[in-house]
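There are 2 protein chains.
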Amino acid sequence: MNVLLTGAFGRVGTAIIDHLADREEYEFTYLNRSDRQEYDTVVADVSDYDSIRPAFDDQDVVIHLAGYPEPDGSWDDILKNNIIGMYNTLEAAKDAGVSKFIFGSTNHVVGMYEVEFAPELYELDDELTVDQQSPRRPDSYYGTSKSFGEDLGRYYVENYQYPEQFYALRICSVRHEEYDHPYGDAEHGVDAEKWERGSSEYELKVARMKAMWQSRRDLAHQVDCCLQDDDVSFDVFYGVSNNDRRWFSFEHGRNVIGYDPQDNGEEWDAPPESQ
Amino acid sequence: MNVLLTGAFGRVGTAIIDHLADREEYEFTYLNRSDRQEYDTVVADVSDYDSIRPAFDDQDVVIHLAGYPEPDGSWDDILKNNIIGMYNTLEAAKDAGVSKFIFGSTNHVVGMYEVEFAPELYELDDELTVDQQSPRRPDSYYGTSKSFGEDLGRYYVENYQYPEQFYALRICSVRHEEYDHPYGDAEHGVDAEKWERGSSEYELKVARMKAMWQSRRDLAHQVDCCLQDDDVSFDVFYGVSNNDRRWFSFEHGRNVIGYDPQDNGEEWDAPPESQ
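If you read the protein sequences in the order shown, they are chains B and L.
First residue of the first sequence: 1, per UniProt numbering; consecutive thereafter.
First residue of the second sequence: 1, per UniProt numbering; consecutive thereafter.
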């Protein structure tokens, strides 16, 4: 199975590489805006159709992660990289006859539930559940653009039948390899440089991450479920580990594609002070 | 109440003008890409923020209809006029502090139900109902862009609180004034120039229009319901008359904003041959 991975070297892409690239049944091609010494890379930008189109020839699958990756994106960032970039990527997949499309969507498509219900939402006994039937409530241009990407993917599947299968993964929080746990990292997390240990902000951030974490192996396993599936034409799944505190439901993914996460944010204790 | 109407001179805009412009409580401003001799017009293009922004000062409401109006729009048409145009219009409303936003969305946000279930869907006894909880299934770039506009509007309401109220009207088929009935007109309909009378194509087209029609007075009444409402923050309503054949439900609009359509496509007989 030939698999094209766009935005290959981000947090999500590298989790896929780390856990799936060695599997015999998959032959990966990496597409990224910049290259990495250790990998053969198609250097191309999804906002430029002509630059990405050749990489789609002879692919069976595209895993589309390229785009502006955070909810702080300005309208210009999002329009170029996520809206136009999504159109270009679907067009290239259609024109090249790529049959399966796995889309890196985001929990920010429904991020306003968190804005409304935090911080109670982070507690172990909070009962709110957001699932694939919950109305979309984006919290950012970023979240709105991913919702648009889901709609556009559905249109391509149902109208053009290329791609034939489309999976939207509303990924929660995947961390860098060095910090693959809810206590985070210097860039995104709850480290002592940004948040004072023991402060209420620190405790909230930790509780949030214990709810939102998707471990790198769980993410890769979920992508693997999509790669192996033959039945879905269009569907939406939440990407989250088996966290006691989660408010996003992964039951639909378990039922439809067999997603069976191994990790639980609750299992992590705070790292020692010296770390 | 000061009301700015964008795309004022299209089929939907003129229905609003015909039925609401004389009402004492409303003071309309018309914004359109081209002017009309009989009206004072702000000539401006929603794809150009600077051209539209001054018209939003001192408005209480914007009714946003401007954009590419049909599902045949190319990506370039839709990106410029509907996606960027929607962003510009919401930004202008936010910056000017306009509190109410009525958005001309479309049934094409969920148009794939028709593609899947026609022609049985057009029959009087067909039981499919599409309502505001049905998953979105756009049938075009156009439908996808209107779905995006709904999401973006919800984001503005929930994040910026400007506008404070957002109504998405998924309008079905509003006809020109001269042809305000399900037997259509020369441009869009079931006239003898395009469809042979008595042919199966003609009968199907008539049955479809009897299901999809929203009379001009029902459309204007629905907009009036939104103008008068104080309670909605964000909601989606189908714009359709009280047609026996309809598959889009207007019950939610009846319950929430008091939409009470007067017309029914079934009441129309075929016009005489000589017409």
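Some hints could be false.
Which copy? The list can't say, so a pair holds if one copy fits it or any two copies do.
[Unchecked claim] Straight-line distance between alpha carbons at most 20 Å, and here's what the computed SDA-like set of lysine to any residue pairs gives:
hint: 1; residue 1: Lys94; residue 2: Gly73
hint: 2; residue 1: Lys80; residue 2: Val115
hint: 3; residue 1: Lys94; residue 2: Asp230
hint: 4; residue 1: Lys94; residue 2: Asp60
hint: 5; residue 1: Lys94; residue 2: Glu127
hint: 6; residue 1: Lys94; residue 2: Asp76
These are calculated hints, taken from the structure and not from any lab test.
All values reported here derive from a predicted model rather than from experimental measurement.
Going down the list of hints, with the structure as the test:
In the homo-oligomer, the alpha carbons of Lys94 and Gly73 lie at most 20 Å apart only across protomers (19 Å), although the nearest pairing inside one protomer, at 28 Å, exceeds that limit. For the identical chains of this complex, Lys80 and Val115 are neighbours neither inside a copy (26 Å) nor across copies (31 Å), given an alpha-carbon limit of 20 Å. For the identical chains of this complex, Lys94 and Asp230 are intra-copy neighbours only, at 18 Å inside a copy versus 46 Å across copies, given an alpha-carbon limit of 20 Å. For the identical chains of this complex, Lys94 and Asp60 are intra-copy neighbours only, at 11 Å inside a copy versus 44 Å across copies, given an alpha-carbon limit of 20 Å.
When the C-alpha separation of Lys94 and Glu127 is checked against a cutoff of 20 Å, the pair qualifies neither within a copy, at 41 Å, nor between copies, at 34 Å. For the homomeric pair Lys94 and Asp76, the shortest alpha-carbon distance between copies (18 Å) is at most 20 Å, but the shortest distance inside one copy (26 Å) is not.
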